[in-house]
Amino acid sequence: MPQLIPFFFLNQLFYGFLTLFILLILVSKIILPYILKLNIVRSIIVKF
Amino acid sequence: MQLVLAGKYIGAGIATVGLLGAGIGIAIVFAALINGTSRNPGIKDTIFPYAILGFALSEATGLFCMMNAFLLLYGV
Amino acid sequence: MLTYIRSPLDQFDISIFIGLNSPICDLSALDFTTFSLYTLIVLITIILIYNISLDRKLIIGSNLLLTIESTMDTIINMVKGQIGGKAYGYYVPLIYTLFIFILIANLIGMIPYNFAIAASLIFIISLSFSLWLGFTILGFYIHKFEYFSLLVPVGTPIALLPLLVLIELLSYSARAISLGLRLAANTLSGHLLMGILGGLVKTLMSLNIFSFILGFIPLAGIFCIVILEFAIACIQAYVFTILTSSYIKDSVYLH
Amino acid sequence: MKFLGSKVYRYPVFKTYWPFFVGAVATYYLIGKAQSAMENSEQYINDPRHPRFRRGEKDQK
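Residue numbers (this note's numbering), protein chains in the order written: chain P, 13 to 60; chain X, 3 to 78; chain L, 339 to 593; chain D, 9 to 69.
Bound-form chain P, shown alone (with noise of 0.2 Å):
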């Protein structure tokens, strides 16, 4: 099984967390609110 191959558990996890720390940061800092910001404009564009 070349994935129980053990010279690249590290190599996996590292640049794996890695990716995910970064697209963790993205998404809560700038992705998600964008979104939260477009629907509370909507919202309120709807009442006029």
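Honestly, I wouldn't trust all of these hints.
[What the hints assert, rightly or not] Distance windows between CB atoms, simulated:
id	chain 1	residue 1	chain 2	residue 2	range
1	L	L402	P	V53	15 to 23 Å
2	X	G23	P	I56	48 to 56 Å
3	L	L402	P	F33	23 to 31 Å
4	X	I36	L	V490	31 to 39 Å
5	X	V19	L	L504	24 to 32 Å
6	P	V53	L	G423	24 to 32 Å
[Unchecked claim] Take a look, some chain L residues computed to stay more than 12 Å from chain P by CB distance:
id	residue
7	M416
8	A425
9	Y479
10	I480
11	H481
12	E484
13	L488
14	V490
15	A512
16	I547
17	D588
If you are wondering where the hints come from, they were derived from the structure by calculation, not from laboratory data.
Glycine is no exception: its CB is placed at the ideal position from the N, C-alpha and C atoms.
Assemble chains X, L and D onto chain P, guided by the hints.
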């Protein structure tokens, strides 16, 4: 050495019997979905995600044993 | 030099592109391999998708923004349905990153001759193990010793308690492995299935002209299997996130 | 680019997800010990991809 090889292949062959359970599980899940929608078509939207979740979970348990079959064939 | 694909598992081989070595410490964890290349590709595709769709200053946004908003609404409604209460908003970013990462990784892995990130057992099982450690620590942090009441189902007779607590402890600790193994086993066996069947039909169709014509029937079967694999790629991403959110619900609101 | 295009909002990432980061560090440490244990097993000790060959050791243990 040949005995080990033969044992490995026999083990891998027997390991795929577990997929029988997965097939029955998936059939039961979708039979329940069809019964539910036929009795009350309005509820289709709410129970469809649960049917997909049931399908995925029962297929996953079946694939655990297929995983063992491949582990026996190629890993050990 | 024609490389023969001997075993269908060769599609998951990891080769080192840039090997970092330093006399002081062992830097083998940081060298650039196919796995890190594909995590980079997944990261860049996600950033590009959001960069293209979020930059338009219009309120309505493009169709791409429509797809992103629909996936986001499904995830947010799912998390609201699962975790409920007031504190579900805290965990939406974590669950949304898991969903979008696994979905894009699975879909990129589905392209022929690409490396499937989710098929690497070690990374996915250690990811689910770290999530399991995470929400266990979270549970202990919130409900100090009351957290063990999670192992006692509601309304069990006292006589049955020791047996039931053992069973619940087993099922609680099995979550660490089964959550990750489910996704990894599905992706791995899906790709193996397609690899093996593709090889079979290739040899069948390259025999002679009649078997070439006859070969289109199994080819149609393989086409349906590929469609099934696309559906499984999306379903497994959704199942991983819905189970993670229900486990977080167990640790935040005990029963 | 996104960073310049849209504003970056404040979000307590570490305060809400510190258990998951602790879990990730713990698994990284455990897998590191597992890797070094498996690397020095007799099956993989002489594998050319072993990082010790990159550090200049030549002997085939």
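Evaluated hints:
1. L402/L with V53/P: 15 to 23 Å: Roughly 19 Å apart at Cβ, these two residues keep to the hinted range, so it holds.
2. G23/X with I56/P: 48 to 56 Å: With a Cβ separation near 54 Å, G23/X and I56/P satisfy 48 to 56 Å, so the hint holds.
3. L402/L with F33/P: 23 to 31 Å: holds (25 Å)
4. I36/X with V490/L: 31 to 39 Å: holds (37 Å)
5. V19/X with L504/L: 24 to 32 Å: holds (29 Å)
6. V53/P with G423/L: 24 to 32 Å: holds (27 Å)
7. M416: holds (15 Å)
8. A425: The claim stands: A425/L keeps its Cβ more than 12 Å from every Cβ of chain P (closest is about 15 Å).
9. Y479: holds (19 Å)
10. I480: holds (20 Å)
11. H481: H481/L is indeed farther than 12 Å from all Cβ atoms of chain P, at 25 Å.
12. E484: holds (29 Å)
13. L488: Holds, because the least Cβ-Cβ distance between L488/L and chain P comes to about 26 Å, which exceeds 12 Å.
14. V490: V490/L is indeed farther than 12 Å from all Cβ atoms of chain P, at 34 Å.
15. A512: holds (21 Å)
16. I547: Its Cβ never comes within 12 Å of chain P, the nearest being 37 Å, so this holds.
17. D588: holds (22 Å)
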